[in-house]
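Number of protein chains: 4
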Amino acid sequence: VTDLIFHTDQQKPAGEQLEGRQQLLRQAGVMANDLFSTQFEAETIDTISSKNCENLVGSVEIPVGVAGPVRVQSQLLDTSVVIPIATTEGALVASINRGAKALEQAGGVEVISQKIGMTRAPVFRCLSGQQATELAAWLKANFSSVAEIMAATSSHLQLIQIQTWVRGRLLFARFVCDSDQAMGMNMITIAIDHLWQQLQQQQQFLQQFADAKMVTISSNVCTDKKDSAINQILGRGYWVQAEAVISHTILQQVLKTSAEAILATHMAKNDIGSTLAGSHSHNMQVANVVAGIFLANGQDPAHVVEASQAMTIIEPDPAGIYISVTLPSLNLGVVGGGTWLPAQRQARELILSGQPITAQQLAEVTAAAVLAGELSGMAALSAGQLARAHQELGR
Amino acid sequence: VTDLIFHTDQQKPAGEQLEGRQQLLRQAGVMANDLFSTQFEAETIDTISSKNCENLVGSVEIPVGVAGPVRVQSQLLDTSVVIPIATTEGALVASINRGAKALEQAGGVEVISQKIGMTRAPVFRCLSGQQATELAAWLKANFSSVAEIMAATSSHLQLIQIQTWVRGRLLFARFVCDSDQAMGMNMITIAIDHLWQQLQQQQQFLQQFADAKMVTISSNVCTDKKDSAINQILGRGYWVQAEAVISHTILQQVLKTSAEAILATHMAKNDIGSTLAGSHSHNMQVANVVAGIFLANGQDPAHVVEASQAMTIIEPDPAGIYISVTLPSLNLGVVGGGTWLPAQRQARELILSGQPITAQQLAEVTAAAVLAGELSGMAALSAGQLARAHQELGR
Amino acid sequence: VTDLIFHTDQQKPAGEQLEGRQQLLRQAGVMANDLFSTQFEAETIDTISSKNCENLVGSVEIPVGVAGPVRVQSQLLDTSVVIPIATTEGALVASINRGAKALEQAGGVEVISQKIGMTRAPVFRCLSGQQATELAAWLKANFSSVAEIMAATSSHLQLIQIQTWVRGRLLFARFVCDSDQAMGMNMITIAIDHLWQQLQQQQQFLQQFADAKMVTISSNVCTDKKDSAINQILGRGYWVQAEAVISHTILQQVLKTSAEAILATHMAKNDIGSTLAGSHSHNMQVANVVAGIFLANGQDPAHVVEASQAMTIIEPDPAGIYISVTLPSLNLGVVGGGTWLPAQRQARELILSGQPITAQQLAEVTAAAVLAGELSGMAALSAGQLARAHQELGR
Amino acid sequence: VTDLIFHTDQQKPAGEQLEGRQQLLRQAGVMANDLFSTQFEAETIDTISSKNCENLVGSVEIPVGVAGPVRVQSQLLDTSVVIPIATTEGALVASINRGAKALEQAGGVEVISQKIGMTRAPVFRCLSGQQATELAAWLKANFSSVAEIMAATSSHLQLIQIQTWVRGRLLFARFVCDSDQAMGMNMITIAIDHLWQQLQQQQQFLQQFADAKMVTISSNVCTDKKDSAINQILGRGYWVQAEAVISHTILQQVLKTSAEAILATHMAKNDIGSTLAGSHSHNMQVANVVAGIFLANGQDPAHVVEASQAMTIIEPDPAGIYISVTLPSLNLGVVGGGTWLPAQRQARELILSGQPITAQQLAEVTAAAVLAGELSGMAALSAGQLARAHQELGR
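Chains as they are written, first to last, in the numbering used here: chain X, 329 to 723; chain R, 329 to 723; chain F, 329 to 723; chain S, 329 to 723.
These are computed hints drawn from the structure, not numbers from a lab.
This list has only true hints and no planted wrong ones.
It does not matter which identical chain is meant; a pair holds if it fits inside one copy or across any two.
For lysine to any residue, the following SDA-like pairs were computed, each having C-alpha atoms within a straight-line distance of at most 25 Å: (1) Lys468 with Gly712; (2) Lys468 with Leu455; (3) Lys379 with Ile685; (4) Lys541 with Ser575; (5) Lys468 with Gln442; (6) Lys443 with Arg673; (7) Lys443 with Asn470; (8) Lys541 with Thr492; (9) Lys340 with Gln351; (10) Lys468 with Gly563; (11) Lys584 with Pro644; (12) Lys541 with Glu643; (13) Lys584 with Ala538.
Given only the sequences and the hints, what does the whole structure look like? Please build it.
Below, the structure is given as structure tokens:
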């Protein structure tokens, strides 16, 4: 077996390596001019190669459309926002836009949010359940020194809480951290790795826990990029909720439906259907909207898995309907990962018309956009418009 | 309330509308040259505007790296494949690539696959549970005429099965269809819409079911873009599995771990951790790999939610370990949606070195790539390499 | 280590062994005259000792109350039924009784049911996923001979369907069987054990599958006595649904609530609450009612776990409310297990005023009783009566 | 419609009412001497009628067998215990007994436990998500006065924690309470009812929250008598774990299996099978054992639903295997409900050979018994003994 072809010489500049790979692929019969060409500048390619994507051969372009503006009111925002959506699914931007129009006419979106903190949950094997219980107690009793050791790895990291579970002789410890403006996954991983290395140097710790081993730094109790009940119950990243009351007039004139129809659809689909299907996701199309915003501004698309576990509620209201959407585990940041890429950064800045936006504000705007998507999508489903919308816009 | 700003004149050519929107945003203070510039040609922009993305203002570029090659053996493939990954998560391509190297040394990946079919589940409200039961029976008894009506909407669509559930006076009917080379979601929606309209014209049907109403064409029993047990149990799109036996030598030399360490990590993380977290996803990083491949070749990123409900199995084997990953609900296509975009199409063609690839072959390659990601990722976790990998590659 | 004390001489008659154990316990200081005394006759004790309970030392008495009568209408029943409930939870019988009264005034309960069949799912380890797939295909292709081999173990057993899943090199095969009037769990276990032994004798089978091993005869895919999505989606035992429309008058006069209040409670508790809690059970107190009926007539109380995964639906109706409860996995029988015990058999016969009752009729009556419990319980919750009811009846 | 027949004159003594009901049933053709006769004394019948079971007509007897003795070591226990099991499932007591024997030979069972506290979660509807958030904050900020108001309803009740979730304009508040030696469900319901009534009298509270309504006192977030992720993650009642290391010798000689076979069965059944089935229950037969113990000593059998969500772990160990079972939501008490019934009380006292037992000690013994059941049951499954055991003992 020869070595894999893409292990190119790591000493060469990124641009040369890129060309080298393209050359190899061309020799193998791959004609891919659009993939191979890119607008990234040479310096950008250097950074991408070292931070974002190994074995770089080019890039794909994803179209970006905009929805809104819609007014968002919260403790952090009181302004109209424009929502950039990167998508190839016809009718998606139009749907969000229609929802935004209805929400705007309803007086805007009320948003509440809370920084839960990013989480990572290593798992430790002890000698017995008893020792695992003691290790859990030790971590909590020594919270401030644990927090200090972890904070030494980054000025942006602060430990908020340690949640623990014993199963057999395993201890699952879920570290919840404030990671400032970053999504923070890697930051916490590095901090926990450092913590465990430091504890292996402390005689006092070793006297009691020399036999405890870290099985792995990530145990699926985090839970990262997977559906889970734990994120829904304990939260992860940001907990955000958007809500509005929609009048009968708006339901009829903008959304072409009625309170009765949308409520019946909600009960059949989001309540009964989701339960029958065995789903944690009690909503219509949250994944679509979150994916569109995440891609547009450089978030990690795999985090859509968690964010899509959102709960949409539609209730009768004297004025028409009350609608809300709650996203208990929305993970995002405005630094790190792909957030720095030129077009993505600009798409994010577009939201507040050129003003900088914080991570928590971005979480709030995401929830507002999701509410627009749920409102318009549920209206379409209740009025039998879905097939037609896709026939016209999403062929 | 004024109308939303992005409702531009739909009569104008797409390019002019695009410029109009950019102009509006610039006036609002948005400086976004990278977002606004694009390599899409004018004709491409026309098509994107009508099929993929309304209110177009520009595009974002996502870097694409490649992993492999790795040999894939199945009833449809017996060849080396290259895996294109669009990502901004440092270390992801490197991780898949290392896994591919280990798999290649192990003799390649065995893949089995099955076309389950795309699903859509409308929900009907009847007069009683009894009538809902009768409607279910009617649909099954009239399967061939139902299939014929649906097939009239597209030469690519063929009804495979109707699965039904009664809850109260609601009937949930999950239509499973072969949608040929397309992912097929919209195709089926249109076919069911047409079916219901046709049934509303049939006197015989109306005599029995005049009181039955379609509450909505999509009930979350589909289940589309949400985690669910139903997709795991009944499948959706393609069911695919990739597997390999990895020797002790490869575990040590390529993956820097041992059978014992990777097995212990698997049990603590994928078995116990996932169960404790209340997750349907019994794996390490399937969402990462699927998102990377999906974006690279124009699939819908919201479908990552379903595909990530994959099950990774690692067992002791006389030779070292047996590893497999099963993806019961992998939804993708090679026509429709974003699959036609120039760079995306080329990334897909790159997989078989320029040869065309079918949807089911693409599903098989995706599973092979996921196996590479699981193998390398689990090895890293078991050997304590994760933090270091991200420190070096994903800052 | 001495042998355990209760390993008494198996040659002695059951009554003597029973006394021997009581003697041992008395010597150890246990004074338990009520536990040790029993009304079981000597012959009954013999049978209990050999069929129902090893190491017998006595018995506990569970009080039985009755609710109803309430009219049940189905394809199998059109009569008033009395519901025997064995319980120690104050207010439970009263609650069911009040629900029965409301249902009776509403014209009775409509019930539909279906025999799904009892299930058992062995798991087989093959050489590869490919071989596991082939074994699944073989079982289905040889359905009639498989069914014949299984039927040889009991004249009451008939194979209905084989459902299969491949995960890695494991094949999970869920055998669905008609077990006549018995709950059937053991009957099927014995039949599958026999099937596998027979297949180990068939040269033709061994040529292809000599390497396939049955890892275990019960894989949790059955799923027996555990919550699961699979039972909810594919059913187990009997699928039963009970429904009724309750007028505003009955809601007010009998149930002391209103349509609006009970609907709001349903949405907050059964829809949103259950989803937030991550529960498959979308109901109020199904477990209470099923446990009460099961104990009264000799069913296995551990099967309450599956039956409690029921879905209660309450919808607005022009007349008041529509209410239904669907039990997709109700496992019971009228022969076998504890069903033959004298008082339990009589409690079962009491339901139809002394007439014999079939297993499917018993399933239907159980659903009707559950509906009574849900209706009354939800009414109490919506009207703030729960605390008071327990203060008065369940101190 | 005539009134229901069992609404007998509540002024009459319980014994006369009982006879009256029996008379009515006899007139309706019901011959049920065994059901109608009972060993309960007249005074007991009075109490049962007012506290445990309305519309009393008689009782059923459940046979009780014993398993053990087995040594249990914990912070609360260091003694041999006998395990009383009320069951009609042949082979169950024998299975637990065999497990107990193996555990005894292995040096006994190590148990750790924690009183989590009983929970009840009312749900409140507020004007907005913002107000719901404020109500959550108010409850936490006023924890001590809330605790004081609740404690006024019972000297046995103490508030431990309030956990809150906002969804839309609903606030779910899960009150966690120490209920002393009682299971405590009703105690907490009464305390929360009282709390809400008191708050409705406080001007300061009403100024802020006059618009908040308690939709219902029990929202399924409790979660009572239903499977749920929340109980698994946050616990309920008692969290208990039992564990042991079983040598190769004991595996072979007592359990007729091997470490390899039982580990393979564990992975296929409890890990992969449970995940495939979509179950929260990662175990073999916990429901059987818990139901048997609960019935024997007067617990509520509907609580088996929660307790059966236990996690069994089997790992390789240098000596043989390590096995543990964790029950995160074991609800039980030694006062209240059916615990006072004569035979049930005696069955409970039998556990410590006549010594009184506390609720937490009973929880620990239950876990030890469950471990015995898991060990023996998994051994039987791994050695292909299940069918035979049921053929011999459970026909």
